[in-house]
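Using the sequences plus the hints, can you model the full thing?
Residue numbers (my numbering), protein chains in the order written: chain A, 1 to 253; chain B, 1 to 81; chain C, 1 to 166.
Derived by calculation from the structure, the hints in this document are not laboratory data.
Each hint should be verified, as a subset may be incorrect.
[As the list claims (entries may be wrong)] Not everything, but these chain A residues come out facing chain B in the computed CB check (under 7 Å): (1) Val21; (2) Asn193; (3) Ala196; (4) Ile226; (5) Ile230.
[To be verified] With a straight-line cut-off of 20 Å between C-alpha atoms, the simulated EDC-like cross-links for lysine to aspartate or glutamate are: (6) Lys48/C - Glu88/A; (7) Lys83/A - Asp58/C; (8) Lys83/A - Glu56/C; (9) Lys48/C - Glu90/A; (10) Lys83/A - Glu244/A; (11) Lys156/A - Glu244/A.
Just so it is clear, CB atoms sit at the ideal spot from N, CA and C, and this is done for glycine as well.
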Amino acid sequence: MSVMLNGLTSFHFLPLAELEVGKQFYWHIGNFNVHGQVLLTSWIVIGSLVLMSVLATRNLQRVPAGTQNLMEYALEFIRDLAKTQIGEKEYRPWVPFIGTLFLFIFVCNWAGALVPWKLIRLPEGELAAPTGDINTTIALALLTSLAYFYAGFRKKGLGYFGNYVQPVPFMLPFKIIEDFTKPLSLSFRLFGNILADELVVGVLVLLVPLFVPLPVMALGLFTSAIQALIFATLAASYIGEAMEDHGEEHGEH
Amino acid sequence: MNPTIAAASVLAAALAVGLGAVGPGIGQGSAAGRAVEGIARQPEAEGKIRGTLLLSLAFMEALTIYGLVVALVLLFANPFV
Amino acid sequence: MMHWTILLATEAAVEEAKGGLFDIDATLPLMAIQFLLLVAILNALFYKPLGKVLDERDSYIRTNQVEAKERLIKAENLAKQYEQELAETRRQAQAVITAAQADAQKIAADKVAEAQREAQAQREQAQQELDRQSRRHCKPWSSRSMPSVAKSWRSCSAESQFRFPS
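Here it is as structure tokens:
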């Protein structure tokens, strides 16, 4: 199973870098296994987010400065995003969910790329971006699915199923398939992008340890930010889609 | 480990990444070209065009990434070994 | 080779929980739960207070803008009114000036006319006086010799000079 991996690791001579894929630092809680490194990093990310929020809202002023200014910029950005995708009337209750999606993924991605986790040695596996773990991305994608179902049902009740046969009835199987592909593509897109970034940087560092990987790292930072934006945008647009169609239906009939 | 399966997995991984990069590559090229055309025609809309372009490029990029994910599955988490 | 054997050994050891890229386990629900917790915490700590501040600032700016607009309109109205008043005042002043000038001219003309009339009257009076005196003292030209005429003329003019200094 790990033929390639071993080939790669025994290939290099300097012990400067090492490539590890698919190794987890397991914690056993009862009968369950959890990935310790993912949870550790995500706690750090959550802690920093909470810390930033506390710092930003500790001393609220009409003319913002410092942390408040930064977080206000973030909030306005998120509001703008939600407003364009969901619509002026309905977006407000969804700002926390979409905003937290964006902030969590963004900080996770950048934490994985910017913080030198390698300095902390774990018994097995290594600390990295939590979004580079399939569990995290599937969790977020499933939550997004639940969120848009919830939005649809709360807005229209059982009439939400009317969406499935909305333009023409034979769309029904496609719409049902879409419900499965949406979280699948969401989770795999994020997971694949982050993992690919880390792997590419890892392979480059393995081959040329100094300076050469820097542009790729910069590209990785960029991609990470865009992926966070895409995840949040898509979640918002799914939610907006689930709530929106009904009005148009009424308008047409 | 069955050597045939290992060899086939490695080949399949290479094909998944390589072929998976073709389509999105063409799509990204065409999208970027159109975006440049649009900017040349309407330089004042550059910001909007750039934002949309980046978003759509990322979507196309995701297709390649799917191929990469399949390749990674075959290399590191092969269910047939 | 060492790596490999060690890796194989560890893999064999944790056979039932062996790693891998697509190892889905209890991390998933745990992550979902802690993400929802994060949503709740951030909602209380971040979105609500900061959103309130943003909305308040928005309304503050909007009311200020409306007020400023009103004030601007008011100021413009005032300026217009002042301008009108100024023009009115200017017109009035012009009228007053014109009236005063006309008055002054009239008065001056009256005075001049009166003075002229007076002067005329005086001159006429003087002329009459002169005529009378000259008729009394002076003989007609034909009955007198030239020196006597001159003498009498001189006396006449001396007399007239004496009575009319102007």
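**Prompt:** What are the numbers of the hints that this structure violates, sorted from low to high?
**Reply:** none
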